[in-house]
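Visitor: The whole structure should be built from the sequences, with the hints applied where relevant.
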Amino acid sequence: MNTDITKDILYCQALLNNNEVVAIPTETVYGLAACIDSDATVEQIFRLKSRPHYNPLIVHIHHIDQLNNLAVDIPENALQLAEVFWPGPLTLLLKKGPQVSDLITAGKPTIAVRMPNHPLTIELLKGLKAPIAAPSANPFTGISPTSAEHVYQYFKGKIKAVLDGGSCEVGLESTIVGFDGETAVIYRKGGISINRIESVVGEVSYIRKTKSTKIVAPGMLDKHYSPKTKLILTKSLEKELSKHLNKKVGVITLSPYFKSDIALCTALSATGNLDEAASQLYATLHFMDTQNLDIIIAETMPETDLGVTINDRLKRASYH
0 MNTDITKDIL YCQALLNNNE VVAIPTETVY GLAACIDSDA TVEQIFRLKS
50 RPHYNPLIVH IHHIDQLNNL AVDIPENALQ LAEVFWPGPL TLLLKKGPQV
100 SDLITAGKPT IAVRMPNHPL TIELLKGLKA PIAAPSANPF TGISPTSAEH
150 VYQYFKGKIK AVLDGGSCEV GLESTIVGFD GETAVIYRKG GISINRIESV
200 VGEVSYIRKT KSTKIVAPGM LDKHYSPKTK LILTKSLEKE LSKHLNKKVG
250 VITLSPYFKS DIALCTALSA TGNLDEAASQ LYATLHFMDT QNLDIIIAET
300 MPETDLGVTI NDRLKRASYH
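Once you know that position 55 of the sequence shown is 54 in numbering that gives the first Met the number 0, the rest is easy, because the numbers rise by one and skip nothing.
No wet-lab data here; the hints were simulated from the structure.
Since the structure is predicted, the reported quantities are computational estimates derived from the model, not experimental observations.
Please note: incorrect hints may appear among the correct ones.
[Unchecked claim] Pairwise CB distance ranges (calculated):
hint, residue 1, residue 2, range
1, N16, S198, 18 to 28 Å
2, K6, Q152, 14 to 24 Å
3, D221, R195, 20 to 30 Å
4, P108, L9, 34 to 44 Å
5, L263, D221, 21 to 31 Å
6, N16, P118, 17 to 27 Å
7, N16, K155, 22 to 32 Å
8, K213, L263, 14 to 24 Å
9, I4, V83, 32 to 42 Å
[To be verified] Under the rule of at most 20 Å between Cα atoms (straight-line distance), these lysine to any residue pairs were calculated in the SDA-like manner:
hint, residue 1, residue 2
10, K125, D7
11, K258, M219
12, K247, G271
13, K314, M219
Note that CB positions come from ideal geometry on N, CA and C, so glycine has one too.
Guide: Below, the structure written as C-alpha cells:
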C-alpha cells in the first residue's frame, strides 16, 4: 500500500466515506481518523496503534448541533465551555447517547467529544457521512505526531493518506473536562490551561489516578508520549548532568542553555514562552529520538499555564 501525504481534502473525504482510515491534522496533534458509523473501520485504528480496547477514543465534530446525536443530559457548564473554547483544544466528557458504539467509548457510559480548530479538518468533517473518531496518530504510548512527516514515518504502507495541514499550532493534546454535578473535573491536562477553564466555570476538581482508578478518558495512563531513548525529568539540570558525564546526552530546556560537553541541547523557546514551548515539545522529542543519544534529560517547566501540561507530558514520557 502506498501512503500519500496530500492536501487534497476531497480525496481524504472519499477515503473516509469509503471506510478507510486517514491521518488528519488538528491544532493539537495529528490523528488517525475513521467515521464512527463503521465499527470495522474504528477497529482498524486500535489495530494500527496497538491500542488496548479499554482506552476510549475522542469523537471530532464540526458543529455543536452534532453533540445532540452523540450525548444526552449535557450540563449547562459543558455548553458554556464549548461556547468559549470550541473550536479548540477542549474535549468534553459527556453521558453518551444510546446510538454511540461501545467500541468508541470502551464500554464506558461516557463519550469524549471535541471540535478541532484546524481549517482543513473542519472542511473535511463537513463532507463526511458521520463524525470521526481520531486518537493521536502514533503507536500506543509513543511520541505524538505534530507533522505529516511524523505520521508518515509511523504508518507508511499501512494507511492510504495523510492530510497535510502543516505543523500543529498548539502541539499538545486537548484538555479533557468531565462533570460531577455542577463541578467540572479535569481528566487530562492539555492545550487549554486550568486557569482558563476556571475563568469560565469556576473552581475545578481533578481525577487523582491510582492503581485502582479506571481508565475513563484518553491520556490517563502513567506511561505515554514516550521516546525510545530513555528520558529523565529533573528540577536540577546540573545535578542530573553530573551523573551522566561519559554518555551522549540530549538536553531539553525552556530557555537557551549551553554547555560544551552536551551532545545536543534544545531550548523549546528562545524567549521562555510556554505556548511556543508546548508547540515544540513533541517535535523536539521526535528529533532527539533520531540522534542515537544515550539519554535525554528534560528540565521541568514553570508550574504555570501550559507549563503544567508540558510537565505532565514529560513525566509520562519519562515513566519506566
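Visitor: Against this structure, judge whether each hint is valid.
Guide: The hints, checked one at a time:
no., hint, result
1, N16 / S198: 18 to 28 Å, "violated (39 Å)"
2, K6 / Q152: 14 to 24 Å, "holds (19 Å)"
3, D221 / R195: 20 to 30 Å, "holds (26 Å)"
4, P108 / L9: 34 to 44 Å, "holds (37 Å)"
5, L263 / D221: 21 to 31 Å, "holds (27 Å)"
6, N16 / P118: 17 to 27 Å, "holds (20 Å)"
7, N16 / K155: 22 to 32 Å, "holds (23 Å)"
8, K213 / L263: 14 to 24 Å, "violated (39 Å)"
9, I4 / V83: 32 to 42 Å, "holds (34 Å)"
10, K125 / D7, "holds (14 Å)"
11, K258 / M219, "violated (36 Å)"
12, K247 / G271, "violated (25 Å)"
13, K314 / M219, "holds (12 Å)"
Checked against the numbered hints above, the structure violates hints 1, 8, 11 and 12; every other hint is satisfied.
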